[in-house]
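Chains as they are written, first to last, in the numbering used here: chain H, 1 to 158; chain U, 1 to 780.
Careful, some of the hints might be misleading.
[What the hints assert, rightly or not] Facing chain U, a subset of chain H residues (Cβ under 10 Å, in silico):
| id | residue |
| --- | --- |
| 1 | 38 |
| 2 | 63 |
| 3 | 67 |
| 4 | 81 |
| 5 | 86 |
| 6 | 90 |
| 7 | 96 |
| 8 | 97 |
| 9 | 101 |
| 10 | 106 |
| 11 | 107 |
| 12 | 137 |
| 13 | 138 |
| 14 | 140 |
It is worth saying that the hints were derived from the structure and are not from the lab. In this text, a Cβ means the ideal position worked out from N, Cα and C, and glycines have one as well.
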Amino acid sequence: MSEREIVLTVNGVEHRVRVEPRRTLVDTLRETIGLTGTHVGCEHGVCGACTVLLDGEPVRACLMFAVQAEGKAIRTVEGLATGDTLHPMQQAFMDHHALQCGFCTPGFLMLAVGVLERQPDITDDEIVDMLSSNLCRCTGYVNIIKAVRAVAAQGRVA
Amino acid sequence: MTAAPDGGKTFGRDVPRMEDRPLVTGRGRFVDDIRMPDLLHAAFVRSAHAHARILGIDAEAARRVPGVAAVLTMDDLRPHLSGDRLVTALPSPSFRLDLHRPVLAFEETAHVGEPIAVVIALSRYVAEDAADLVEVSCEALPAVEDCRAALAPGSPVAHSSAAHNLVAEFHLGYGDVEAAFAGAAHVFREKLWQHRGGGHSIECRGLVARHDPVDDLLTVWSSTQTPHPARQILSDLLRRDPDRIRVVVPDVGGGFGPKLVFYPEEAVVAAAALLLGRPVKWIEDRREHFVATTQERDQYWDVELAVDADARILGVRGSMIHDHGAYSARGTNVPYGAAAAMPLPYMVPAYRLDVRCAATNKVPVTPVRGAGQPQGVFAMERLLDRAAQALGLDRDEIRRRNLVPAERMPYATPLKTRGGMQVVLDSGDYPGCQALALLRAGWEGFAARKATARAAGRRIGIGLANSVEGTGRGPYEQVRVRVAADGRVRVATGAAPMGQGTRTMLAQIVAEQLGGDMANVDVVAGDTAAVALGFGGFNSRQAVVAGSAAHAAAIAVRTRVLAAAASLLEASEADLDVEGRTVKVKGSDVTIDLGAVARAAAGLPGFAVPGGQPGLDVTESVVIDEMAYANASAVAEVEVDAGTGTVTITKITFAHDCGRVIHPGLVDGQVIGGIAHGIGNALFERMGYDADAQPVTTTLGDYLLVTAEAIPAIDLVHMSSPTALNALGVKGVGEAGVIPITAAVASAVEDALDDLGVTITGMPLSPAGLLARIRQATTP
Numbered sequence: 001m002s003e004r005e006i007v008l009t010v011n012g013v014e015h016r017v018r019v020e021p022r023r024t025l026v027d028t029l030r031e032t033i034g035l036t037g038t039h040v041g042c043e044h045g046v047c048g049a050c051t052v053l054l055d056g057e058p059v060r061a062c063l064m065f066a067v068q069a070e071g072k073a074i075r076t077v078e079g080l081a082t083g084d085t086l087h088p089m090q091q092a093f094m095d096h097h098a099l100q101c102g103f104c105t106p107g108f109l110m111l112a113v114g115v116l117e118r119q120p121d122i123t124d125d126e127i128v129d130m131l132s133s134n135l136c137r138c139t140g141y142v143n144i145i146k147a148v149r150a151v152a153a154q155g156r157v158a
Numbered sequence: 001m002t003a004a005p006d007g008g009k010t011f012g013r014d015v016p017r018m019e020d021r022p023l024v025t026g027r028g029r030f031v032d033d034i035r036m037p038d039l040l041h042a043a044f045v046r047s048a049h050a051h052a053r054i055l056g057i058d059a060e061a062a063r064r065v066p067g068v069a070a071v072l073t074m075d076d077l078r079p080h081l082s083g084d085r086l087v088t089a090l091p092s093p094s095f096r097l098d099l100h101r102p103v104l105a106f107e108e109t110a111h112v113g114e115p116i117a118v119v120i121a122l123s124r125y126v127a128e129d130a131a132d133l134v135e136v137s138c139e140a141l142p143a144v145e146d147c148r149a150a151l152a153p154g155s156p157v158a159h160s161s162a163a164h165n166l167v168a169e170f171h172l173g174y175g176d177v178e179a180a181f182a183g184a185a186h187v188f189r190e191k192l193w194q195h196r197g198g199g200h201s202i203e204c205r206g207l208v209a210r211h212d213p214v215d216d217l218l219t220v221w222s223s224t225q226t227p228h229p230a231r232q233i234l235s236d237l238l239r240r241d242p243d244r245i246r247v248v249v250p251d252v253g254g255g256f257g258p259k260l261v262f263y264p265e266e267a268v269v270a271a272a273a274l275l276l277g278r279p280v281k282w283i284e285d286r287r288e289h290f291v292a293t294t295q296e297r298d299q300y301w302d303v304e305l306a307v308d309a310d311a312r313i314l315g316v317r318g319s320m321i322h323d324h325g326a327y328s329a330r331g332t333n334v335p336y337g338a339a340a341a342m343p344l345p346y347m348v349p350a351y352r353l354d355v356r357c358a359a360t361n362k363v364p365v366t367p368v369r370g371a372g373q374p375q376g377v378f379a380m381e382r383l384l385d386r387a388a389q390a391l392g393l394d395r396d397e398i399r400r401r402n403l404v405p406a407e408r409m410p411y412a413t414p415l416k417t418r419g420g421m422q423v424v425l426d427s428g429d430y431p432g433c434q435a436l437a438l439l440r441a442g443w444e445g446f447a448a449r450k451a452t453a454r455a456a457g458r459r460i461g462i463g464l465a466n467s468v469e470g471t472g473r474g475p476y477e478q479v480r481v482r483v484a485a486d487g488r489v490r491v492a493t494g495a496a497p498m499g500q501g502t503r504t505m506l507a508q509i510v511a512e513q514l515g516g517d518m519a520n521v522d523v524v525a526g527d528t529a530a531v532a533l534g535f536g537g538f539n540s541r542q543a544v545v546a547g548s549a550a551h552a553a554a555i556a557v558r559t560r561v562l563a564a565a566a567s568l569l570e571a572s573e574a575d576l577d578v579e580g581r582t583v584k585v586k587g588s589d590v591t592i593d594l595g596a597v598a599r600a601a602a603g604l605p606g607f608a609v610p611g612g613q614p615g616l617d618v619t620e621s622v623v624i625d626e627m628a629y630a631n632a633s634a635v636a637e638v639e640v641d642a643g644t645g646t647v648t649i650t651k652i653t654f655a656h657d658c659g660r661v662i663h664p665g666l667v668d669g670q671v672i673g674g675i676a677h678g679i680g681n682a683l684f685e686r687m688g689y690d691a692d693a694q695p696v697t698t699t700l701g702d703y704l705l706v707t708a709e710a711i712p713a714i715d716l717v718h719m720s721s722p723t724a725l726n727a728l729g730v731k732g733v734g735e736a737g738v739i740p741i742t743a744a745v746a747s748a749v750e751d752a753l754d755d756l757g758v759t760i761t762g763m764p765l766s767p768a769g770l771l772a773r774i775r776q777a778t779t780p
């Protein structure tokens, strides 16, 4: 299949890559660009492990082609921390034991960061509703909910 | 950081997890994150038939696809392997059929998803394109879907080479059951269906295999729970010195049981890497996880309970049919675990359960978190509820009369483990645990709340279940502890983390003896190059067995550290302590770095070794054959919509006892995660097949996992009855949460519908299924 050259802007950095039109965004991020922090859990848009932010909006990177993401600002888990300083959401996940195996964690972090940036006054119930869009098999969600509520309560997300 | 009652310097404390920082920053290293030059990618051609004879495989078109390096079938692999089947089931005299999985199916396929061929290509995309072009000519054969029908006379057979479908049969029990029932005041009988789904770690399976010709070393990075057993199987199959194979477990995105099994894909990819002289990666996708990764499924129970006039148990008996799937991948441990778990919390003078395992044309069944124990608990608790109901007793009261009392501990049951060892309940206060759960749940006041709700048109209910779980499966897990020349404490083991925080747990145990500085401890886990022997992660075992070995090794290293330092400092060992990264003379400023002690202890040519023994390096394998029995009492509150059959779990109160706690936060996390899994088993998770054994739930849209909004309020209550079976006093906790949940939820749903006379005899409880039960009960 023929390849196309596209430019993807990931965490503020431009990457000029050649991809087949059928190549998914998540495979391109992971394999072509080498950012393996975004994970693949189901490839059918249910688990949310591949969640990244596209122009600030959480999307399933397994359900998009890379060519569709050209010209958009893509943010992944690798872009959350500033140097050695963790993003408040990352810190809250650690503080509240909101991860066990950590495989779903990047997707949850990007989901929560994306939603809280757009909706800083989100209620506790809305947080549970929002977190229901991703799957975690380890934690039973209780500590993920705690962590996100703690960040929301402090209004620290941006 | 908070100290638990058991708190030491690091042991018993909520220390930060050493695993977390890479995982929250996207710097974890899961198997699919491993990249290397020349890497090829595998895609498997799988059976579309539940049961079929393979007439031929035509791979020519696939081989011609640009970018395809190889297409391999069993005929291609056979010359390079010691055999064409994986013999991995634990031994048992109960087997009536040998159903070992083929490495790749060659004469017959026995379930949808069974691997038949593999395509190795430059990318997974190309490999999948080519896999579509592999033509497998098949003649469909009759398929066996229902495990009960499988055992009926005249049933089709799941394997055409077998005369029947009875894979294994055994009974578990003791005492004079017939006499117990003959003399009973009351007998109650329940026919139950229980279904559990898959493991569904969010990371599916996968591996990378690479042969390094310089060292003649085959390295396999596998998302497995059992690295050392995997190495042995590869060694046998590839006829390769085990020292020339290294199995490494990278970060693992959840295990939950199925990853303890060795799979055909691991053998094929490792063999392909050797054949092609290039590294090969295979990453399972979710659809494959549904059709090729082992799962738990159906059990049909027909059980009876005999009690005396005071509702004291005289005996339990019955039979159970277990859906074994198409092959024996692990053995009979799921039905064995179910049968063994059934009577455990209670004084049951006589017991007999006859178990038959039926071959079906479905994915092989092996343990999923809980490993049959939730089913055994469900069966026992359903019988107790039925008896309480019939005898007009409170559900808590009938249990109180029959739970093993604390003063009888250790309580020797006549049961035997699968290894033939006597089951001795070592410690715990089961009635106390139940009482604590009831108190916290507000059990006494619930009747009033229920009446109020009912008056307002809402149906709420409460239910109770007790469970006792054998944890810490032996015999041992090897752990090496050493102080390196840089002063760092290095811990190495074959124990395999999959999210529990195993590295943190081991570091806490070791740091407790060697300075108390978690930041000075490195842990290598799940690596066959780290220690010679090992098993891995399953059966709630690693804190018990690996923890005990880490403890023993750390104490031994500490002894050597102090002996060497005493010699170097010309001090008495009794005056020394390890503090942080130094050895200190107590009450003085005199210290020596751990690194300096390590260098000195390594010795110099011609000089005496300080302390007498070379090296600060000890490997221990503490053998613990007896299992440590943890216990739990769960109270579930539900609200039921009788018009739609919808059940909402509103609260779980969970009292449990896992002995001494190494890390309170990790223990809570394990328990809550288990409870969530139990909620899935109670309400959502069903691996569906149609009558022809075609799987019908092969996406996470069809097969429902628990989401955040399904999680109720969870109240955890801890008891601590240290076991005497290991020096740390710990019991396993990885599966504790899941075990009593379905039983507690069933009890609560019945309570919510008590005026309608609805009985709950199966799990999971779908809205449609419950609605049918309600209609059945209310239709005159």
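So, against the hints stated earlier in the document, which numbers end up violated here?
2 and 3
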